[in-house]
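Peer 1: Start from chain A and add chain B with the ligands according to the hints.
First to last, the protein sequences are chains A and B.
Going by our numbering, the letters in the first sequence line up with residues 1 to 264, in that order.
Going by our numbering, the letters in the second sequence line up with residues 1 to 275, in that order.
Fair warning: there could be bad hints in the mix.
Derived DEER-like restraints, expressed as beta-carbon distance ranges [to be verified]: (1) Ser103(B) with Leu230(A): 45 to 55 Å; (2) Lys165(B) with Arg70(A): 23 to 33 Å; (3) Leu20(A) with Val246(B): 52 to 62 Å.
These aren't lab readings, by the way, just hints derived from the structure by calculation.
No residue lacks a Cβ here, since even glycine has one placed at the ideal position from N, Cα and C.
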Amino acid sequence: MSDASTGQVSMSDVSKTFTLKVDGQIQIVPALKSVNFDVKQAEIVTLIGPSGCGKTTALRILMGLETASRGKVTVGGKQVNGCGYDRGLVFQHAELLPWLTAAQNVMFGLEMKGMRGAELRDTALRYLDLVGLKDAANRRPYQLSGGMKQRVGIARALAIDPEVLLMDEPFGALDAQTRETLQGELLDIQARTKKTIIFVTHDLDEAVLLADRIIVMRAGSIQETIQVPLQRPRGNLGALRGTAEFAEARYKVWKALHGAEAVH
Amino acid sequence: MSKIETISAPTGNDDAPKLKREMPKWAITTMSVSVVILAWEFFGRDVNPIFGSYPTAISVAFWKLLVSGQLLAALTQSLKAFVVGYGLSVLIGVPLGLLIGRSRFLEAAIGVFITGAYAMPLVALVPLLVLWMGLGFAVKACVVFLMAVFPIVINTWLGVRAVPKTLIEVGKSFVASDFTILRRIVLPATIPYIMAGIKLAVGRGVVAMVIAEFFTAISGLGAIIINAANAFDTARMFVPVIVLMVLATMLNSFVGWIERKVAPWQVELSGRDEG
Ligand SMILES: Nc1ncnc2c1ncn2[C@@H]1O[C@H](COP(=O)(O)OP(=O)(O)O)[C@@H](O)[C@H]1O
Ligand SMILES: [Mg+2]
Chain A
1 MSDASTGQVS MSDVSKTFTL KVDGQIQIVP ALKSVNFDVK QAEIVTLIGP SGCGKTTALR
61 ILMGLETASR GKVTVGGKQV NGCGYDRGLV FQHAELLPWL TAAQNVMFGL EMKGMRGAEL
121 RDTALRYLDL VGLKDAANRR PYQLSGGMKQ RVGIARALAI DPEVLLMDEP FGALDAQTRE
181 TLQGELLDIQ ARTKKTIIFV THDLDEAVLL ADRIIVMRAG SIQETIQVPL QRPRGNLGAL
241 RGTAEFAEAR YKVWKALHGA EAVH
Chain B
1 MSKIETISAP TGNDDAPKLK REMPKWAITT MSVSVVILAW EFFGRDVNPI FGSYPTAISV
61 AFWKLLVSGQ LLAALTQSLK AFVVGYGLSV LIGVPLGLLI GRSRFLEAAI GVFITGAYAM
121 PLVALVPLLV LWMGLGFAVK ACVVFLMAVF PIVINTWLGV RAVPKTLIEV GKSFVASDFT
181 ILRRIVLPAT IPYIMAGIKL AVGRGVVAMV IAEFFTAISG LGAIIINAAN AFDTARMFVP
241 VIVLMVLATM LNSFVGWIER KVAPWQVELS GRDEG
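So that you can see chain A by itself, here it is in the shape it has in the complex:
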C-alpha cells in the first residue's frame, strides 16, 4: 500500500508550536521547525538528540496524540488524523494499567480493537510469549521489574498488529544489562514481524545498534541523517560494539550531535 516515493511513514514540512502561559505571559515554544523525513517499510529509524529537541513531539504527532501546526503527516499513504490501529505506541515508562494483570493489559488493546472471546486471551498470551513473559501473565504491574513492564508495553503495542511501532525512549530508565537484552530482543522481534520502527533515544550506542538510519535532531530541526552501514541481522550486539564500522558510525553521530563547535 505504501508507495515507493513517500515511504510508509512520512513527515513533510511539519512544524509544531506550543502556546503556554508562564506567569501570565503567553509564550510560544517552537517544538518542531519544518521537519521532513520518510521511513520505509520494515526500516528501523532512531531519532536522537538532546532533551527538549522535539523527539517526543515528533513521535506524538505521528501517533496522532498531538496535531501538527503545519505540514503533512502520512502513515501508509493515509493522512494521520488521530490515533489508529496501524500505529502502536510504546511509552517511556510502559504506562501499564496498574489494576490489570500483564495478560489483561495486553488484552486491553485487543478489546479496544474489537476482539472478543477465547481468541482474546490466546492472542495476548502469544504476544507475552513473544516478549518472553508467558510465566508472568497473571502478575500485576507492581509485581514486575522495570524491564518486564516494558516488555508488557511492547507486547501490548505489538498485539494489535500495527504496521508501525513508535517507541519513546522505552529502555531509557532501565539498567545497562536489561537494556542490552531488550535491544537484542527488539531486533529479533523486528526480524520476525517486519514492523517499521521509529525509536526515540538519547543513547548513542542504542541509536547505532538498532538503526538502519539515524535522524539527529537539534532544537526542533533535523541536523543530519546518517545511514548505518551495518548489515542485518545484527547478530551478537556485544561483538558488534567492537567492530570498526560500529565505532565509525558512532563517531559520525557523535559529531552530528555535538555540532561544529565540538570538533575543533
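Peer 2: Chain B with the ligands alone, transformed into the frame defined by chain A:
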C-alpha cells in the same frame, strides 16, 4: 489482613523470610479504647449525673432501652432513612463526580454549585425541607442525601483530575471512546479517592440523620436523644450517641473492606498494612 507474598524472589540472596513481630493494629485499637473507657468511668463518676455520665451508667440505660424494644425500633427507623439517603448519595455522587472531572463544560457550569453546596449550612435549611416534605421518612432521607452527596462528588472529581494524563493516552492510543476511557481507565484509577469520599460521607450522613430527627423529633435515635435531654437523663441520652458512633466506625471499616476487595492493587501500591 493481606500478606505480601513474594513469588520466586528475584534476588535469591536473602537467607530466610524475615517476619516482623509487631503488635497487630486491632490489639492496639482495643487497648486504646479500653484505656479511654476506664478513664471515663474513673473520672465520670465524680460528675453530677445531669452534667455528665460514665460507661456503667450508660450500659444500664442501654440495657433498659434494649429490653423495652425502644432502641431497636428507633434504630430501624433511623437506619432506613440513612440507608436510602446514603445509598442515593453514592449512586448519584460517583457518576456525577466522574462526569464533572472529565468534562470541562460541566466543571465550569456546575462545579461552582457543588463546592458551594458542600459548605452549605444545612441545619438552617432543614425547617424549610420539613415544610416541603413533612415530618416523615422523606425529609430524613433527603437531609442525609444532601449532607453525604457533596463530599462524594468532590472527592471523585478531584480523583479524576489526579489521573495521570499518560494513562488516558494509553486509552487514546488504542482508539478508545471517551466513555470507554471513563469506565475502563478513569474509574479504576479514581477508586482510592472515591472510597475516601464515601468514608467521609458516613460521618456526615450520620450527623445529618440526627439533625433531621431533632427537627422532626418524633422518631428514630434523634428522638431518644432529644427526649432524654429534655428529661435530664444524661446516661440515656448517651446511648444513641454511642450506638451511632459505633455504627459509623463499623460502616467505615466495611467500606475499607470493600475497597480492598475491589481495588486490591491499591493496597499493594501504597504499601499500607491493613492488618
Ligand atoms: N505539551 C506541551 N506544552 C508546552 N510545551 C511543550 C509541550 N510538550 C513539549 N513542549 C516543549 O517542546 C519542546 C520539545 O519537547 P519534547 O518533544 O518533549 O522534547 P524531547 O522528547 O526531545 O526531549 C520542549 O521545549 C518542550 O518544553
Ligand atoms: Mg522526550
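Peer 1: Next, verify each hint and record whether it holds.
Peer 2: Hints, one by one, checked against the model:
1. Ser103(B) with Leu230(A): 45 to 55 Å: 51 Å, holds
2. Lys165(B) with Arg70(A): 23 to 33 Å: 25 Å, holds
3. Leu20(A) with Val246(B): 52 to 62 Å: Since the Cβ atoms of Leu20(A) and Val246(B) sit about 53 Å apart, the hinted range of 52 to 62 Å holds.
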